[in-house]
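Put chain L on the given structure of chain P with help from the hints.
First to last, the sequence lines map onto chains P and L.
Each step along the first sequence adds one to the number in my numbering, with nothing skipped, and position 54 is 54.
Add 1000 to the 1-based position in the second sequence for my numbering, that's all there is to it.
Keep in mind that a hint or two might mislead.
Claimed, not checked - Each pair of labels, with its calculated beta carbon distance range: (1) L:1208 / P:629: 48 to 56 Å; (2) P:483 / L:1099: 45 to 53 Å; (3) L:1046 / P:775: 47 to 55 Å; (4) L:1313 / P:486: 19 to 27 Å; (5) L:1208 / P:437: 37 to 45 Å; (6) P:684 / L:1292: 34 to 42 Å; (7) L:1156 / P:206: 38 to 46 Å.
Claimed, not checked - Covered, in the sense of this in silico footprint (three residues per stretch, anywhere, with C-beta under 8 Å from a C-beta of chain P), are these stretches of chain L: (8) 1077-1085; (9) 1095-1101; (10) 1104-1111; (11) 1164-1170; (12) 1230-1241; (13) 1337-1348.
Simulated from the structure, these hints should not be mistaken for lab results.
All C-beta atoms in this analysis are idealised placements derived from N, C-alpha and C, irrespective of residue type, glycine included.
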Amino acid sequence: MKITLDWLRQHLDGDFAVDDVVAALNRIGHEVEGVEYPAEKFAGFRVAKVLTAEKHPQADKLQVLSVDTGEGGAPITVVCGAPNARAGLVGVLGLPGAVVPATKLVLKVAAVRGVESNGMMCSTRELELGDDHDGIIELPADAPVGTPFADYSGVDDPVIEVSITPNRQDCMGVRGIARDLAAAGLGTLKPLDVPTIEGEDAPATEIRTDDPDGCPAFYGRTIRGVTNGTAPEWMRRRLEAIGQRSISALVDISNYVMFDLGRPSHIYDRAKLSGALVARRARAGETVTALNGKDYRLTDTMTVIADDNGVHDIAGIMGGEHSGCSETTTDVLVEIAWFTPERIALTGQALGLTSDARSRFERGVDPAFLDDATAIVTGHILNLCGGTPSTVTRAGTPPVASRHIDYDPALAQALGGVAIPEDRQRAILEALGFTIMELGALWHVTVPSWRRDMDGPPDIVEEVVRIHGFEAIPSTPLPRAEGVAKPTATTEQLIERRLRRAAAAAGFHEAVTWSFVSEREAAPFGGGAWSLANPISEDMKVMRPSLLPGLLSAAARNQNRGAASIRLFEIGRRYLADAERPTLAVLMTGEKRARDWQTGKAAPFDAFDAKAAALTLLEAAGAPADRLQVMAANAEGAIWHPGQSATLRLGPKAVLAEFGALHPALTRHFDVAGPVMAAQIFLDAIPAKRASGPARAAFMPPALQSVRRDFAFLAPDTLAAADLVRAIRGADKTNIVNVRLFDRFAGEGVPEGQLSLAVEVELQPQDKSFTDPELKAIADKVVAAAAKLGAALRG
Amino acid sequence: MSDYPALQARLVADIGAAPDLDALESLRVAALGKTGSVSALLKTLGAMSTEERQEQGPQIHALREAVTTAIAERKAALEGAALEAKLADERLDMTLPAAETPRGSVHPVSQVMDELAEIFADMGFAVATGPEIEDDWRNFTALNIPETHPARAMHDTFYFPSQMKDAEGRAMLLRTHTSPVQIRTMMEKAPPIRIIAPGRVYRSDSDATHTPMFHQVEGLVIDRGIHMGHLKWTLETFLKAYFERDDIVLRLRPSYFPFTEPSAEVDVGYAVEKGRRIVGGSGDDEGHAWMELLGSGMVNRHVIANCGLDPDEWQGFAFGAGIDRLAMLKYGMDDLRAFFDGDLRWLSHYGFGALSVPTLSGGISA
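Just chain P, with the same shape it has in the complex (with noise of 0.2 Å):
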C-alpha cells in the first residue's frame, strides 16, 4: 500500500523526515519496497512569466517569446506555438537540461526555424498533470515567478510504498501505520476528528441484513440533496499520488476514508434503488454486472447487498455498475457494513475478483469503528457535497468482543531473547492502543479491537520486540554437544551422495531438470500417476514417472548446440501413484571417443557402456555387486531396445537397475538423435549395508601364488554368457576363485547356431601348491559343468 509523508502528517505530529520514516517502518515490520519522490520529475521547471510575445519571423504558427525567469538577469527568448502564450501570463517554464515527464524528451537550446529558444513552455500534458495540449498551463497572475515548479504545486510529496503483512489489517490505512510509528516514537497520533451528526428523519431506504452469518451488521443513512462534482484538490492530489483515479466527489469520498482509516464503505445511488437494501445470500445462478464492467455469476454461498429488483453488490467485494452514483445523484445511501472474513474470502477467490475493499474485509477490518466510519464518511459528503443526512440505521450487531492474553513480561527474554524492563513493555503496548491491568506477575492485556492477529502471548512478545528492536535481541549460541560433532546422515542420504560423487567421477554431468513433464513426454514411460489440476502449461503437467524424460530433452537441446559427445545424470524422485521414488538416471548419446590420432574415428556409446555405468554405480552405492544377476528387462514401458537391454537384480523381485540402449522410437518421440544408451538405478531397492562395525573380516593374502587356466567351448548361441561363467564357477568353489570370459566369436569355424566362448579360470592354491592329477580333476569339473549347458570343450 501508498502512503505520501504528507497524509502521514495528518495523523502524525513531529519533526520527522522521508527517510526517518523509510528507517522506522523497515525497523518496526513495515517493509518498505520503495520511495517515489514527484519533485524529482519536476526537475527544472519553474514558474515563469511572459514579458512580451511576438510573432517569429519565420513561421505564421510560432511566437518569439520573452521570458523572466525570475532570477533577476535578462529575460530568455523562448520560441512557443501555443496560440494562448501572450505578454503578462504565468506559467511554467523547462529550462534546458530538464526531462519532459511525458515524453522523456532531455530540453536543450536549440534553433527554431533560425531563432533561438533557451527553454519550453509547458502544457498540463507534457507535465503529466492532465490531458490539455491546446495550450500552454496558465498559472494566476500572482504565482510567484522563479519558485520551482514542485513548490508551487505541492507535488513534492514522496510516496512511500509500504507491504503489509496479511496480519495487519489496521495497517491497511495511513493512519493504522502512524499508529504503530508513534508507537516505535516516531511523532505522536494525533486525535482522530470524529463529527457528530445527527440527521434529520429515518433513512428513506429500509436497512437490513437477513443475512448474519455473513453481514453480521450493516450500518447505513441515506443523505438527500448531494451535488456530485469533483473532489477537492487536496483529496485529489493525495489519491492520485496513490495510484488511485480520481472519479467524482462521491466516489473519491468513499476510496479516501479506505485508505485514510482502512475502512471501505459504499455509497449508493439512490435513484437506482427500489424497495428495502438487504444484506442477504445471493441465489444460485444471480448475476450481477460489478463495476469493473464484468459480470460475475454468484452460488448460495455468497453475501450480495440487494434491493427488491436484484443484487447491487458483491458484499465487501466490488459494487455494482448499476447503482454507482454519476454526476446525476442527489440521494446517496452510504452502507458502512462488516462482513465475515472467511466468507469474503472464500467468495474473493471462488470469483477470482479482487479489490481494495476485500483485501481489508477479508482480513478483517475494526468492528468498533462503523459508527464512527459511518459520521466520517457523511461529514465529509456534507462538506463537499452538501445535502441533509438521515439518522443512521443500524440492521445487526458488530462482533465487538472484549478480548484478553494474560501475559507474563518476562516471557520477552524467554521467547523473544532480549530483556525490556516492564516500563518500557508497557510504554510500547499502550501505545498500540492495548490496556494493561497487572495481576500479581501477570498482566491482563486488553487486545485493542482493531487487533484482531491477537492470539496469545507470543503476539504480545513480537509486539514488544519489534517496537523494542529486533537489533536488540543479543545473539546467543546453541547449545553445542560436547565433543567432535556426530554424523548425522542417514543410510539413504549417503547412498545418495556417494552414487553422486561416483557418476561425476565417471564422467557423467549432473542436471536438475523438471519435476513434471508434458503428458506426451510421460505416455512412453506408461504415463503419470499424478496430474497437475492448474498446470502452468501443457509442458509442466504430469508428475515425471522417469527422469528420462527430462534428461532426453536436455539431451536434445544439447545435441541442438553442437554437443557430440553428452553424458548426463539426474538422481531425484519418480513420482508413482503409491510414493516418490528415489532414482538416478545416467544418459549418454553421441562420441563416447572423439576422433584422434592413435585410434581413428569417433567410437560411439554401446549398450555395455550403459551396463559398465549401472555396475560401477550399484557398486559406489555399497550394492553387493558380486550376487547381481543380469535378467531381461522390465516388460512394461517399450522404452528400450528390446535385443539390447536388461536388468540387474538381487533375485527376480528386487531390481536394482535397469540399462541399455533405449528404443529408437523413444529417442525420436524426444527428437534425439542417434542412439542412446541409458541406465536407471532404484536407490530405494539398494539394501542396507548391515551394520558391522569399522573392522573389516580377517584376511591374509594366500602365499602361494594362483595358477590361470584357459578353456575354449563351443556352446549353443542361445546360451547367456553369464550362465556359463556361474556354473564354471561353482564348479568347484574351493579351488576356482575367479573366472573372466575373455573371448566370443561366431562364424568360419564355427557351426551354425553356436559359439565358440572362451573363459579364463583362475584357481588358487591353498596350503601347498596344485599337483598335476589336482589340475586335470579340476579342468574335468569346469569341463563337466560347462557341458551340463550345452558347452563343449573345443578340441
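The following block gives chain L in isolation, referenced to the frame of chain P:
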C-alpha cells in the same frame, strides 16, 4: 716362445674395431673358440716343462683374460649403441594430445546442499526429507494457515484434481515450501529436534527470476528454552560458514508468517563489485545495501500443538532460504532458469568436481 704382448695388442685392437656383434663373435671364435688362437696357446701349456709353464702360464692366462674383457666391453658398447639407435628411432612428438578422460560434474544445487549438510552437522543438525506431493493439512493447515487465510493466496499453489485426495480425505498439492517437513519431523520424532530439510518446492510462478520449481532449505530447532537470540546466532553462524566470511552482517526485520510468532525476515548486507553482489558488511555502510535472504521466526504455539507436542514445554525456531539463490550469491550465477536446463556448457563451467566434497577441515567451498 711367442710374443704374447704383441698378440694381445693385435687381438684387443681387432676386438675394439669390430663393427658389429657378428664381427665380434667371429673374433671371439677366432681367439677363444675350440680352435682359436688363444685356446691353442692354452693347450700348449700341457706339453711344457714345469719351468716353462711357470713362466709362460701366467702370460697366456693374462692374454686370455685381456681378450675376454675386451670382448665383453666391446659387446656392451655395441649393444649400448644399438639401443641408443633404437630409442632414437622411437622418438615421439610428446606435444601430441593424450587420450582424454571424460570429466563429469556435480550440480551447484547438490554441492550447496552438501555444504549445508556439512555446516549444520557441526551444529548438531540432521538432514530430514519429506514428500513433494503433500497434503494440504501438512502444507497449510497444520502450519496455522487455515483455508480462508489470506496467506494461502501468497503461495501460488499447484493442486492435484479433487478426486486425488489422500486416505484422510485431504486435498493433494505440490508443497509450496519445505515447511511440511517441520510437521512431519515433529510428529514422528521426540524433541529435542535439530534438522535442516533441503529439497524441491513448487509455486505456480514463472518469469525471469522465478521458476515453477526451485529449491529451499528449512531449518528447525525444538528444545527447551530456545529463543530468538539462538535463532539470530544460528543464522549468523551458518552464513559466516557458508560464505566463508567473518564480516557477514544480518538485519532481522519483524514480519509475518502464520507458522512463526514472532516472525522475522532476515536481510544480509552486501556491496556490488564488478557488477556482482558480494555479501559482507553492513547494509548501512557506504556503498552497501540490504537484501532479503531468509524468512524465520519462533515456531507458532499452534503449530507445535498441531504436531502433538506441548507448547508450554517445547519451543524453538524455524527458518527457510532459497538454495538456488544461496548458490547464485556465492558462486556468481545470474540466471536461475539455467539451473534447470541441463546445458553441458553451463554444467561444466558452474558444476563441481567429483572430489570437491565440502568438509570442515578442507573447507566448505572445497
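Going down the list of hints, with the structure as the test:
For the pair residue 1208 of chain L and residue 629 of chain P, the supplied restraint of 48 to 56 Å holds, since their beta-carbon distance comes to about 50 Å. Distance hint check: the CB atoms of residue 483 of chain P and residue 1099 of chain L are about 48 Å apart, consistent with the given range 45 to 53 Å. As the Cβ distance of residue 1046 of chain L to residue 775 of chain P is approximately 54 Å, the hint placing it in 47 to 55 Å holds. Under the hint 19 to 27 Å, the C-beta atoms of residue 1313 of chain L and residue 486 of chain P, about 24 Å apart, fit the expected range.
Under the hint 37 to 45 Å, the C-beta atoms of residue 1208 of chain L and residue 437 of chain P, about 54 Å apart, miss the expected range. Judged by the Cβ atoms, the range 34 to 42 Å given for residue 684 of chain P and residue 1292 of chain L holds: they are separated by roughly 37 Å. Evaluation of the 38 to 46 Å hint for residue 1156 of chain L and residue 206 of chain P yields a pass: the beta carbon distance comes to about 44 Å. As drawn, the stretch 1077-1085 of chain L meets chain P at 0 residues by the rule of a beta-carbon pair under 8 Å; below three, the given contact is violated.
Here's how the stretch 1095-1101 of chain L fares: 5 of its residues keep a CB closer than 8 Å to some CB of chain P, so the rule of at least three is met and the hint holds. Under a criterion of three residues with beta carbons nearer than 8 Å to beta carbons of chain P, the stated coverage of the stretch 1104-1111 of chain L is upheld, 6 such residues being counted. Only when three residues or more bring their CB closer than 8 Å to a CB of chain P does the claim for the stretch 1164-1170 of chain L stand; here the count is 1, and the claim is violated. Only when three residues or more bring their CB closer than 8 Å to a CB of chain P does the claim for the stretch 1230-1241 of chain L stand; here the count is 7, and the claim holds.
Taking a C-beta to C-beta cut-off of 8 Å, the stretch 1337-1348 of chain L contributes 9 residues in contact with chain P, enough for the three needed, and the coverage statement holds.
Checked against the numbered hints listed earlier, the structure breaks hints 5, 8 and 11; every other hint is satisfied.
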